Every structure is written in C-alpha cells, then in structure tokens.
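Trainee: Generate coordinates for the entire structure from the input sequences, incorporating the hints supplied.
If you want the building blocks of each chain, they are given just below.
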Amino acid sequence: MDYSSIFSYMYTEIALVGVAIAVLLYDLLAGERGRKFFHCFTCILMLLFIAGTVVPYHQGTGEVFGGMYVYSPVAGIVKSILAIGTLIVFLQADSWLRREDTTFKRGEFYVLTLSTLLGMDFMISSGHFMMFFIGLELASVPMACLVAFDKYRHNSAEAGAKYILSALFASGLMLYGISFLYGTTGTLYFEDMAPALDGNALQILAMAFFFTGLGFKISLVPFHLWTADTYEGAPTTVTSYLSVVSKAAAAFALMVVLVKVFAQMVEYWQLMLYIVIVLSITVANLFAIRQKNLKRFLAFSSISQAGYIMLAVISGTPYGMTSLIFYVLVYMVANLAAFGVISAVEQNSDGKVCMDDYNGLYRTNPKLTVIMTLALFSLAGIPPFAGFFSKFFIFAAAFEQGFHVLVFIALINTVISLYYYLLVVKAMFITPNDSPVANFRSDNSTRLSLILCLAGIIVLGLASCIFDGINLYSFGM
Amino acid sequence: MNILSLFPAIPLLMMLGLWVSRNTRQIHAVMVTGASLLLGLAIALVAIYLGMRADGQTAEMLLTDSFSWYKPLNIEYSVGVDGISVAMILLSAIIVFTGTFASWKMETDVKEFFLWFCLLSVGVFGFFISVDLFTMFMFYEVALIPMYLLIGVWGTGRKEYSAMKLTLMLMGGSALILIGILGIYFGAGATTMDITEIAALHNIPENMQRIWFPVIFIGFGVLGALFPFHTWSPDGHASAPTAVSMLHAGVLMKLGGYGCFRIAMYLLPEAAQELSWIFIILTTISVVYGAFSACVQTDLKYINAYSSVSHCGLVLFAILMMNTTAATGAVLQMLSHGLMTALFFALIGMIYGRTHTRDIRELSGLMKIMPFLSVCYVIAGLANLGLPGLSGFVAEMTIFNGAFMVDDTFHRVVTVIACTSIVITAVYILRLIGKILYGTCENPAHLKLTDATWDERLAVIVLIVAVAGLGLFPLWMSDMISESVLPVISNILN
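Read top to bottom, the protein sequences are chains A and B. Just so we're aligned: the first sequence equals residues 173 to 649 in my numbering. Just so we're aligned: the second sequence equals residues 17 to 510 in my numbering.
Since the hints were derived computationally from the structure, they do not count as laboratory data. Some hints could be false.
[Said to hold, decoys possible] Derived DSBU-like pairs (lysine-lysine); straight-line CA-CA distance at most 35 Å:
1) A:524 with A:598
2) B:127 with B:464
3) B:127 with B:181
4) B:464 with B:451
5) B:121 with A:539
6) A:277 with A:539
7) B:181 with A:464
8) A:277 with A:323
9) A:524 with A:277
10) A:524 with A:323
11) B:127 with A:524
12) B:181 with A:539
13) B:127 with A:464
14) B:87 with A:432
15) A:323 with A:539
16) A:598 with B:181
17) B:121 with A:598
18) A:539 with B:127
19) A:524 with A:208
20) A:524 with B:181
21) B:127 with A:598
22) A:334 with A:524
Computed from a prediction, not measured in an experiment: that's the story for all the values here.
Mentor: Rendered as structure tokens:
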C-alpha cells in the first residue's frame, strides 16, 4: 500500500488529529502555570492548522483507501471554513471555560470539539457510505457530550439527552436507507452506485431516509423539532458551534451526495427539497416571530437560514456549489457574531438571554450593540453587508434552474425574517429600559473573535476575490 | 477615479469623519463640509454634463466607468449619467445640504443620527449613478434600511409602528425588484447586468416580460407611493424627524419613479405598452385619492404626506403615457416635488419645533409671530398648487400637455380625471394657509415664539431659490431631460 498518498491527500485530517492529540497531552501534562496558557496554546495551534491547510494543495481529485476517502479541492475549502469557524468558537469559549465549574474540563471541551470537526472532515471527504456514516457519527456523539457540557445545569443535561436521542433516531433511519441502497445496487461506493441507481420505489425510499438523517443535522423542517430546545439548553458557545459548523458540513455533504450519487434521481430530490425548503423557511420564520429567548430565536432563524442554503443545493450546478459555500461562510461569520454577543452578555450579566433584557443595550454597550445589529442585518440580507451578496447569489442559483416560484416564496420570507431581526434591533436601540444590562468590558479573546466576525461581515461581500476563489474549485452535476 | 464615484464616496468619508469626531461642533463641521462639497460637485457635474453634450457627445450615458466585480454573474460596478440622473443627483445634493441645516438643533445622539443620514445619502447617490442592475439594487437597499432607525429612534408620535411598517413595505417592494432583476438578467440571456446593454439586446421574450413588468413596476411603485401600496408613506413621513422626511419624500420617493422608468419601462418595453393601462388606472387613483385625503387631514405632516402621494402618483402617471413630453414632465415633477416637499417638511419641522403641535386646529395667526417662516410656507404652498413662475407649474403643465397628446378616449379620460387634482390641491393648500397663518393667534403661548434662526433661513432660502429657479428658467433643465428620455421612449415605441 502506498502510504505517501495517504499523507498527501489526507493532510487536513492528519493534522487535525495531531492538534487534538497535542491538546490532549497538554491537558494531561501541563502544570498549574502551564494551564494558564491552555487557551492561548489551543488557539495558536488551531491558527497554525488553518494556515497550513487553508489553500488546497492539489488541483485535482485523489483517492485513498481504495476510494473510501476522496480528496477534492472544494472539500478542502469547506474544511478550512469549518476550521475557521471552530477557531472563532474557541475564542468565544474562553470566558465560559474560565468559570469555576467548567475550568477543570476545558481540555475535554477542546478535544470533543476537535473530534466532531474531524468527523465532519471525514464525512465531507468520503467516497463510501460506510465512511460517510462513521464520519457523521463521529460528529454527532461528541456533540451530544458538548451539548450536555454544563451537566449540573438541568437545561443542559436535558438538551443533551434530547440531542442524542433524536440524533440516534436520525442516524438509524439513515443507516436503514443506506442498507436499501446496498440491497438494490450491491455497492456502497459513491462512484459505483451512481450509475446503478434507476429511481425505483425502494431507492426513492432509501434516498428519503438518507435525506432525513442529514436533514436532522441541518435542522430542516420537519426534522427540526429538537433544535429550539437543544439550542436553548446547550451552553451558548456550543450552540453557536452547533448552529454553524455542524450545519455547514452537513449541508455541503448533502449537496455532494445528491449531486454525485443521486444524479439519476434528480427530479425526485428536487421535489423533496422544494417542499422542505418552503416548509423550513416559512414555518421557522413564523415561529421565530414569537420567540422571547434570543437563543431560541436564533435557533428558528438558523432553521430558516438552512432553508435558504438548500436553495443552492436544489440548483445542483457548479455555480450553486460556489454560492452554497459562500453562503455558509457568510452565515457563519454573522451567526457567530450574534452568538458571540449573546454569550458575552450572558457571561457578564448572570445569564440574561431574553429579548427584554436587551432593551436599551445601546445606551450601556454601544459597541456590542452595533456588532449585533450588523450581524442581524447580514443575516437578513441587507446591503452592504455580506449576507446581501450571499442571498442574492443563492437566489440567482435557484432562479437559473427555473425555480421562479420557489425564489419568490423565499424572497417574501426574507421580508418576514427582516421583521423579527428588526424586533431585536428595536429592543436594543429604541425600547427604553430603566435597568439595562450594565456596561462591561468583555475579555480580549471574545473581542478578537467579534472583530474577526465583523471584518467578515463587512469585507466578504464587498471583496469579490473570496467568491472567485471558491468558484475556482467548485463542481456540480 | 471617476467624478461620479465621488458622490457615494464623500458620504462614506463623512461617516468616517463623524465616527472620529467628539463633539457637536466637530460633527457640524464634518457635515457642512461634506454637504457643501456634494452640492458643489453636483453643480460642477451639471456643468460638465452640459459641456459634454454641447461638445456633441451623443452616447446615452456619459462619464461612464466600470470594473468587473462578480464575474460569474457578470456583475460590474459600472457608473454613468444621463440628463435624468444628473437632475436627480443635483436634487439629492440640494436636499442633503438643506437637510443638514434643518437638523442643526438636533440634540439627542447627534453623531448616530448623522451617521445613518450619511449612509442613506450613500445609497441615494449610488443608486442614481449606477447603470448596473445589481449595483443599482444594492444601493437602493442601502438607502432603505437606515430609515428604520432614523424614524424609530429620532421620530415622533407612533414612531415604532411607522418605522416598522415603512421598512417592511419597502423591503417587500425590493423583494419584488430582486426577483424582477433576476428575471431580466436570465431572460436577456444572462450575459450582462448593464442596463444600456440589456436594452440594446432587446431580446427578453414577451411572455416573460408580461410577468416581470408588473413585478418590477409594483416593486418600485411601492416606493413611488403607487396606490394601494402607498400606506407606509403618510405614517412614515409623519413620524420621521425633519431632515429624514425631507430626504425621504424629497429624494427617496423619486427612486421609485426613476426605477420604474429606467428598469421596468426601459428594459421591458413590449409589456410596458401592453400592461400600462392597469397602472395608469392605479396612478390616477393615487393622484386623486391622495389629493382628497390631504383635504381631510388635520396634521400638517399628514397633509403634506398625502399631497406627496398625489404628486408622486403624477410622476408614475406621466411616465406611463410614453411620450417624450410627458416623460420630461415626469422628471421635472420629480425635481419640483422633491424641492417643494423638502421645503414643506423643513418648514413644518421648524414650526413644530416652536409650537410643539402639528394639529392645524391648534394653530392660527402665525404670520404675525413668525413672518419669515410663514411667507416661505405660502411660497411652498403656491408652488405645490402650481402657480406659474414656480416649479410646480412647469412640471404639471408639461405632464398634462404630454398626457393629452395621447389621443384615445381612455387616456383622455384619465388625464381629465388626474387634472382635477390641481383644483383639489388648491383647496387643501389654501384652506391650510388660511387656517394656520392668517387670523388672530388664539394660543397665548404661541405669541412668545420667535422667527427662524440663521441655519433655518439658509436651508429654506436655498430651497426657495431652487424652486423659483426651476420655475423661472425651466428650459435648460427640460432640454437636458428631454434628450435623455428619448432613448427610453423610442425603445418602447419601436
């Protein structure tokens, strides 16, 4: 066996395992003084990891382990986006991890997060359904531990239980679907399976089951019921990780599998996605209007954003792929900025996360308020922020393939979503409050992460080079 | 760098300046410098433009410039102006300049107010210089969103309700515009986003035009106060702070008319011709309904807001007549209405700042107390009802002249109906002037009030000079406009 090709193509995963082991060892070996620099150490390590892997090394695709693992440059791009998201989450996690009841297990936090990231990396690079499933599970199981990380807090433990039960159910369905696929085609390799599919009833059922498994990860309606409770109960940092990184990986994986494997059954999955998109966007938007807890609010917002991401998937074109990745990147910085602010306010005000607590926040914490506002504007798709561009591009991608009515429904929904985003803006800027959240100075690490996100929100849209860079590598049907 | 790109760039620099300034003096210094620079630049632009035309440059868009932006969608940052956009840029510059002075006494959160105000100006100027569909739409939305906070934070009355209503209705309109833009882009073969190039290609299939024309026309029509999508306008204008009402009624509503003309009519000519009757009926309703509504209002701002619905309806009415005279009249009306409505809102703001009421039942005999403001108010009113010598006359005369040129029964009838608005306008304007300015002052508290200060006088005088200038010397402007509406009209008629 040629080991050099393993190192040459799997460099991201190998480096990530290296980072995880280094963090684990540091946690074990570092003394009392060394632990002070634990956060710093981890972030620098992540930064080095990102710097080393951000640009794909190979222009073409390559296989390892006989096609179980498939390297493609576009997957490399997605992996670096996920890694950047993880780094930002780490930066935001610091003040939470320094709290007395969590500080002794911060090593676990880093390692568990890194192993979910590793699982996602394997999932998006897999060329075989078994590999895909293992990657998905590697991403799910540690995630449940992360959700229940504040285990002495009732909510967190409950959220963890909810997450793991729904995740296992979804995985079970997916595995069932995969077994149908194996039964009808006799193979689990993506490449061999694609021509063998002919769209018979069993295969359609299999595809629906497979889609359910991923739909759960992406939290699309009707697989979204766990989302709001889990988002609310999980520690805010974990929620932000769950809402962006995990979702982004699953969305990309879904597009790859649908386009690569189910290319023969395109009309079936387009119809399926059509229904799911309309439901996700509309239902989530209507629910979001009534939310008072900002974490629940962002949970529903992220469900509707997932619906928008699916607009790029439904197009199935290379351009759609580019706009998917770009959308995910933009959504990531905006959502992380919003969660970063929520987390900072929560840490500094004894856990205030309700919209009413944010009344008059501008008077006491203007900078955080502005960042939150710009993040929400970006999520709502207001120019000149990046969200406007990414929304325009996915609309164009779906429109190009003739989904005019679908784009129209999505556009009407952007107006509804603007309404509830503006409700938060209204609370912060306009509604008076006698006892607003007191002024505080958040820690440097959170500030750094918010500056990164803010730069992303402003620059990603206006500088076209990022979109062009992604466009170089993307592919489709 | 092209001179046109300076127009959105200067407000951006002003925002930077505001960000670092520490007290009100510095903020005022930044605003006055920037606004004067913009006004000077706009006047220079008119001179340059007229000079280039006099040199015999016949291209549709002058001073063009473009950079490739997003290659996969053929999106470019491309700018260029014709007579219509030059006129609109001049209008915007005048209103930004006077709006700055009209909000001189702003006390709460001055810095934030002007920051959003400048962002609004970036959007407005950017919209008028763009010839690329995407860039144009982007600037359009940039101009809309600051309104929410400007009204919500600094407004009066039911400000939260009005701000939300305005933002959502306009954003609903812009959702329609977005899908219409995609429809035009892909309908024209997905090769270019440039407006003049798409018009030259002239290849959008007619059945697609029939879908996208109403979509885009309504989309922009929402901002142009097209009946029945005008309901945001009275609430929004009544709640907004003075400078924002000025900029919004004066300039932003013109974005709607400009967009209808430049995008809906220009790029989808066959459908425009086929479906124009629906919108002619709607705009006629706007014109008459707006005027009648103004008659029964008791709040000064509501009166002016409904009057704006009526006058902006006339703009859309005129462009749908599809001849050069009426279209020229439409652009003149945009200019004239922009100037006089800004003047109105400025004066209302000044009166309200003193009397703390806008209810006409509580105001009377102001002429003796604040003669300067009252005389200006009379001038604004006379311009509004179309007195010869002021801008309103020129614009409305041209519009009705042009509309009457279309010689079939339907157009004749709606023209006659729309003409009645002139009379109704006279009713509510004269009633208003008689009620609040003349007679004896019944409220003793009002007797102690003072007349306009220097900053207010400056703002008002600049606007009056512009209104009278346009009314007395309309030809240079109408010539400049009519040669620019020609390509659009001929695109529709061929």
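Trainee: State for each hint whether it applies.
Mentor: To see whether the hints hold, each was checked on the structure:
no.	hint	result
1	A:524 with A:598	holds (18 Å)
2	B:127 with B:464	holds (31 Å)
3	B:127 with B:181	holds (25 Å)
4	B:464 with B:451	holds (19 Å)
5	B:121 with A:539	holds (26 Å)
6	A:277 with A:539	holds (31 Å)
7	B:181 with A:464	holds (21 Å)
8	A:277 with A:323	holds (12 Å)
9	A:524 with A:277	holds (24 Å)
10	A:524 with A:323	holds (19 Å)
11	B:127 with A:524	holds (29 Å)
12	B:181 with A:539	holds (27 Å)
13	B:127 with A:464	holds (31 Å)
14	B:87 with A:432	holds (26 Å)
15	A:323 with A:539	holds (33 Å)
16	A:598 with B:181	holds (13 Å)
17	B:121 with A:598	holds (25 Å)
18	A:539 with B:127	holds (14 Å)
19	A:524 with A:208	holds (28 Å)
20	A:524 with B:181	holds (29 Å)
21	B:127 with A:598	holds (19 Å)
22	A:334 with A:524	holds (23 Å)
Checked against the numbered hints listed earlier, the structure breaks none of them; every hint is satisfied.
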